[in-house]
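Engineer: Protein chains in written order, with this note's numbering: chain A, 575 to 1120; chain B, 588 to 901; chain C, 40 to 152; chain D, -12 to 324.
Source of the hints: derived by calculation from the structure; they are not laboratory data. No false leads were slipped in.
Pairs of lysine-lysine residues, derived as BS3-like cross-links and limited to a Cα-Cα distance of at most 25 Å, are as follows:
| hint | chain 1 | residue 1 | chain 2 | residue 2 |
| --- | --- | --- | --- | --- |
| 1 | D | 36 | A | 1116 |
| 2 | A | 695 | A | 603 |
| 3 | D | 39 | A | 1116 |
| 4 | A | 866 | A | 1116 |
| 5 | B | 731 | B | 721 |
| 6 | A | 1072 | A | 603 |
| 7 | A | 1006 | D | 39 |
| 8 | D | 36 | A | 1006 |
| 9 | A | 1006 | D | 41 |
| 10 | A | 1116 | D | 41 |
| 11 | B | 701 | B | 860 |
| 12 | A | 695 | B | 860 |
| 13 | A | 1072 | A | 1006 |
| 14 | D | 85 | D | 240 |
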Amino acid sequence: MSTAVTDVVVTETHVMPEEHYLNADHSLKSWLLTQDHKRIAILYMLTITFFFFVGGIMASLVRLELLTPAGDLLESDTYNKAFTMHGVMMIFFFLIPSVPATLGNFLIPMMIGAKDLAFPKINLLSWYIFVVGACFGLAAMITGGVDTGWTFYAPLSTTYSNTNVILTAVGILIAGFASIFTGLNFIVTIHKMRAPGQTWFRLPLFVWAHYAASIIMVLGTPVIAITLILVALERGFHIGIFDPRLGGDPILFQHMFWFYSHPAVYIMILPGMGVISEVVTTFSHKRIFGYKAIAFSSVAIAVFGFLVWAHHMFIAGISMYAALIFSLISFLVAIPSAIKVFNWSATLYKGSVRWNTPMLYAFGFIGLFTIGGLTGLFLAALGLDVHLTETYFIVAHFHYVMVGGMVLAYLCGIHHWWPKMTGRLYPELPAKLSALLVFVGFNLTFMPQFILGYLGMPRRYHSYPPEWQVLNVLSTAGASILAIGFLLPMLYLVWSLKYGQVAGPNPWESTGLEWETSSPPPSHNFHETPVVTSEPYNYGEKEGEV
Amino acid sequence: MATRTDPEVHDVGAHGHHAGDEGHHPRHLHHFDTMDQQKDASGLGMWVFLIQEVMFFGGLFCAYLVYRNRFFPAFGAASATLSIELGTFNTVVLIGSSLTMALAVNAAQRGLVKRLMGFIIATMILGTVFLGVKVVEYSQKFEKREIPGQNFCFEPQGGGRCAGVSEAQEKETIPDLLKRYMTGGLGHPPGEPSDSALAHGAASIPGETVTTPEGHSSGEEGPPPLPGGSERQRSMPGSEIYFSLYFAMTGMHALHMIIGMGLMLWLLYNAHKGMYSAAYYTPIENFGLYWHFVDIVWIYLFPLLYLINRHGGH
Amino acid sequence: MTAHQQTEHQQPHHESVHHIGSLFTYALIFGALLIGTGLTVWAAFQNIEVGGISLNAPIALIIATVKATLVVLYFMHVKDSSRLTKITVISGVFWLGILLTLTMTDFLTRAWH
Amino acid sequence: MMFSKYLPFFPDQASTIAWQVDALYLFLVAITIFFTGLVAAMVLTFSIKYRKEKNPIATQIEGSVPLEIMWSVIPLGIAMVIYVWAAILYFNMERAPKQAMEIYVVGKQWMWKVQHPSGPREINQLHIPVDQNVRLTMISQDVLHSFSIPEFRVKHEVLPGRYTQLWFNANKTGTYHLFCTQYCGTKHSGMIGEIIVMEPAMYQAWLSGGSGEGSLASNGEKLFTSLGCVTCHSGQSGARGPNLAGAFGNPVKLADGRTVVADENYVRESILNPQAKIVAGFGPIMPTFTGQINEESLIQLVAYVKSLQAEKQTTTGAVAGSTTNPNPEPKQGKPTK
Ligand code: HEA
Ligand code: HEA
Ligand code: CUA
Ligand SMILES: [Cu+2]
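All chains should be built: construct the whole structure from the sequences, respecting the hints.
Structural biologist: Here's what the structure looks like:
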């Protein structure tokens, strides 16, 4: 139970458990028809890793083109398709499912002491839906690509572009339903499947974060679904909804798009924040500072996140008075994020801190997310956004939160729970090295883009004035380092599957139900239903005061 | 298989729905502790699904709200072309089907399987009537060319008959129109100049002497004209958006009903096989929620689409 | 929260005591819905104005909302459902409200200078 | 004005608003550095000082309400300062001053077309005098574009179907970047140009250097006749349509009881979608001109209707441009390159 903090020393040799979810059955069919949330998590992980690399290759094309000011490497159409496919793949087929569909799927039932998610069939179905959607996306890419930008602004997307808009939109639409089903499953599971004694305030913060993110998935995603349907109808059948030639309003499209897509950025960050909360406590061997503050701030972000979407449209011709409201709420939504950052930092205070790889990623996350979030304030600031919007400043802002934040959190979580998922430890040294490479490469790639943005370099530009070349070269150089940093984990993680040290049930001496069962866990997660008798993060009796 | 230790779940296929009737609680899935927990969970799941549906239709209502505000006269005029008789009739039919559905659930709760099946069949009949009426309404719109797209035509002043529509065109049958609409609608790449005599810029423009820099196509100035005939251009501004929304909203609603009809067939089949009893009728109950939701959407669609400005005020 | 330290499914008969609605209630609600439908149609043909502002649309929406509420409460049994179900329903309506009102803050105040 | 000399990270400050944006930016940069430094310092010192080797047993601390309040309220306070500051700046940027020279811009895939009220037109270039309020009235023929001048720190989206406005006051002569910053298709990155800020005298010379083209308003007047507007808007009593003289810029009473101000968008809508807002006392008889007039001609018509405001009670639009046009009737426009 969570009270029973083990005194097991990590050097103790462990053996793999005889039976676990991975060796329960070996046939391909047993994987493709599985209803085990852990196996579905693995399926998701393989799928989205693939899309991360597809998106990464598109990013490489973009960066290579921008090495020189002239548009020489790629045709302008090719470049436009490259960044569009980069954005689409990375956002819809990688980052949105990243932590929730893999780690969330794997861990939530275990963390609350359940045998599975509430609807295992729907869980499997959601993976299939995702794959079908992703195939549409890939098909769109292979048969010519799309060039509208990941935002699909009308009327470019509905009338003027002559690329595969409908195919891509349908792909995103389908993948969106996968996200809705995942969120639905999480919400019901967290409400109805908790083990005896597992009260709301004994839930790990990871679960709280996913609960908040699920609210967004369920309530936001349908709006983008219908929006994309309307775009496809307008494009395919010439019916008029957004068409300005019929008196339609292209800004309505933006409202409907961002109604989902702003909250979606919190789908992309909240689960990552959940990961960081777990990792920070584990590796400082200390209860989390301000449990309730962090838990409620997740929900606050999810709710307030729905009220700020038009901050993407400050100069788009919306009413100035509406802009006032949306800007104000954008500033308010920053406060719960601030609460989290400070509580994580405070958790380290008087802890017993171990510098393992997951912790390095967590440090990286805290720093880079802070920069990314604070630069979000620049954009939320009305008068300043006028100058910064549609420039590389925005590109830098969102890569800081999405790559510096969520991708790091994803890697953090993968390393942290790798022993649980596979039963083996990753090798510490190469892991630390690649964490360092990612950190350095990342900053080198995106820090210069803040400056470029303030200088006025517009985003989605295939060529640019020569005076900006130096900064762009720096950025491309950073991207190469970053690419190596992302490639390394693929190698050593695969290596560790066979050669990694056997981990044992709880290599990090963490509290939390998932660490009480064997690694890898049995198909039913627990040999007997656990009973929870204390709060999470119970790393010893409460002693100190601040 | 993930559930080795639990033989009863073995035959639950990933997609299909299993047919085994073994054991005391044949529908009790292994990962739930109790039947009650299982029922609670699927109930909540259904409700969460329904609020997802609310937001899905919400996007359409949002577009409707914006454009109704902007094009109130056109919305009023276009709305007047819908038949109140048919709309009211359909509303009553759908409310009736909600009643029969509620009674079906009630029968299931009491374990009266025969009655349950009877009410489901009644619900399906009412649903079919509704969709049939919808087909009639849609085909009327087709005939009058009040279909968004390049053959669109709507001129309330001309007594409903479009001035630009020739007699030959008037005589076109629905399949003809459909074909023309589909090929035109899909085959006409956006931006391609249309045969319309009214393609923009027809008026002579004094001072139109700008020489364009090289690299830009010269001569042509202006946006690609709206594909379609001159009737489309002359139609009352905003009316086409009304009809686009009309078809999108009622179409989405009808799609939900069609899906519902399919589900009802499946429920009937299961009921026939004796799957439901007073102890287990969750699917019936959850489907009932879905059907009532579809009814609620129509309760809003009816006044919003059929009854705009019927009294002829401003 | 301290009062509700148990998880839902531990509470005995949480939602399992199923309220079986009486057929009379269903008939009553059906009647009310029919009357509501008639009322909407009738109201649409009246020119209802107060101080120059037409009230037709609000009235149509109020009738529709009453009808929808009846369906939700009685046909969908929300009246006898758990608090969680009620919260779920309300949050759906609330979020729809966010979408509509915040979008309209833009469209309705664009003309201001 | 000072910053650009010492910090190479800024574009030129070439408009009156530029330094205000930079000041806010620097304030935010300072805050970012402060908080990032603070967080980094906390994370690093704690994790080094209390590393496991040094501090094998952690002290279990629950949390602290005063601290939670502190680190919510202080950021909130700072955020509100930024909010108010930025909002005031935004209103200054969005609301054009009354006295401004007016220039019309039409964006299309992938070029900018500029019309000066007195006649000259240019493409992908905009000549303006220094130290003058300039107001651009912009519209797109096709997709969304965005008119951006980084050195002026201004930018506004250009929409199809509706006029948007952008104003600035350039206070430094020179040539500056013009970018289309809203992604608009294949040659989005080619939709660039230059803003040429000139001494007023040079500007006058430039204005009169082109070949003959009537002023916007006089072209509009010709359209007004050729499209048959005059038949109804003759200005005489008993005409079928309202008298347009003096209409512009004033409130119009509508048939449904509302009152709207006749601005550029209203006039444009009145031409394309006359049914939308019916003037009180008139029937909905005006035909729509949708599809018959392109954006540039519409601008000429708008400019003409506008000019009637200056010349109240006159039906001739002989006086071109707006009241603030420094150069009322130039005969010549500059030919584009
Ligand atoms: C994971 C994704 C993610 C996250 C978490 C965020 C978080 C935030 N974003 Fe970002 N954003 C994007 C992804 C994300 N964003 C993307 C993808 C785009 C561009 C889309 C496109 O156009 O393609 C974008 C664009 C974008 C814009 C639009 C710019 C424009 O188009 O003109 C704005 C404007 O307000 C904005 C604001 C914010 C704010 C205020 C936050 C806040 O939530 C940040 C809160 C965090 C902090 C503030 C840091 C921690 C706080 C402290 C350390 C304490 C100190 C705090 C104070 C003093 C207040 N973002
Ligand atoms: C999850 C979201 C996500 C992630 C992870 C990334 C990752 C990266 N992005 Fe992404 N980016 C977006 C989301 C994301 N981006 C979005 C939404 C846009 C806006 C699109 C739009 O405007 O519509 C955008 C736009 C965007 C632009 C602006 C394009 C433009 O406006 O013209 C640039 C330019 O530098 C860029 C660069 C990068 C780089 C270098 C990475 C790197 O982090 C990627 C590193 C990863 C790899 C390189 C793959 C792994 C490594 C290998 C496979 C090894 C082999 C490869 C090589 C040796 C090259 N991105
Ligand atoms: Cu025009 Cu980009
Ligand atoms: Cu946002």
